[in-house]
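Engineer: Below are the chains, spelled out letter by letter.
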Amino acid sequence: MQCSRWDELMSLSLDGVLSSDQQQQLQAHLADCQTCREQWALASWLSLRLKAEPPAAPAPDFAARVTARLAQRETRRRRLYSTVGICIASVGLWTVAAVGVLVLFALLFEPALQAVLVDIGLSLLSSALAILSVLGRALWTVVYALVTRPTVLLLVGYALLAVVLAGFWTRVVFRRWGQLPE
Amino acid sequence: MDAEGQWVMAAARGDQRAFAHLVEAYQIPVYNLCYRMLGNPGDAEDAAQETFVRVYTHLRSYNPQQKLSSWILAVASHYCIDRLRRQHIKLLSLDEVMPLPAASQGEPQPEDSAMEGETRAEIQSLLQTLPAEYRLVIALRYWQDLSYEEIAQVVGSTESAVKSRLHRAREILADGVRSRWAMEAMPEGPLRNGKRVMTNAVL
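Residue numbers (our numbering), protein chains in the order written: chain A, 1 to 182; chain B, 1 to 203.
Possibly wrong hints are sitting among the right ones.
What the hints assert, rightly or not - Straight-line alpha carbon distances no greater than 25 Å define the calculated SDA-like cross-link-like pairs of lysine to any residue that follow:
#1 A:Lys51 / B:Ser70
#2 A:Lys51 / B:Asp2
#3 A:Lys51 / B:Glu150
#4 B:Lys67 / B:Trp181
For the record, the hints were derived by calculation from the structure and aren't laboratory data.
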């Protein structure tokens, strides 16, 4: 048997998994082979040193530091979720604002479209707003009043209001991003 | 159900105090494994913390049929291996633009030497000469005292592969010791003192 084969048996012997027959064979070989005897001496010395080495322990209050890290991770996750929610609301608001301005523009300068838009577009808007609370219904009443008696002044007012609200939401979004940890 | 099982169930429902009990129970095995793998206390602390964060966030996927210690050590092992791979890639990319410092990666860090004894530094220095996969099986065998089967579960491999890695790791460690002895006289060693005694004691 080649010495490399005995090396494998030495490794298994160090882990205590050799059968008694294999153990006897190994001992018999070690008695005859100077190279393997030296190899075994070194391997067993190394193994004893590794076994004698105590486990490294963390600094005190390790569990408290883990808890703090978990809390930090949770805060970061909540901020991310709220920021995503605000982004979605912001996009929705900008969309409603743009559509509203376009509808008012069409009502003012394309009177033929007025009836169609009122019947189709505003009924859809009415259905959506009906899902909302009292605030939504009140908003719908205002919007309806605006589009049934459109004037340039009302169009400008609506556009300004939409821009202010959308700008406010955008500012909130940027503040949220600024608070996010890197 | 034992106390550990109750802590696991409570922690999976979000009870951080129950999870703190688990951290207390497994902090030394996890920290020690990270320390042996990464080689310095700072990285070991960070890796051990991250291991427990991952354990907490994935606790619902834990199968109670599996030994909890093996599962937690598997999380730590995978994280350390990934971290070492990332460090290796970073070192390779840095190597393209600047030469590496003169000190080899295997040498103990200054803070390491200050905090740890000479023997620990020597052991750590030797361990750092091993490839990460070999270092992992050595750490699990010697400090966690796991069987081949348990090591295979932790590292996601077979028992024969574990045997082979342990054998190869021991060869590399022995070569490392020989080359050190060749460079400097060791105050004590098996070939100088008590070779026969050491051999008989282990056999």
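Engineer: If any of the earlier hints don't hold here, list their numbers in rising order.
Structural biologist: Hints 2, 4 not satisfied by this model.
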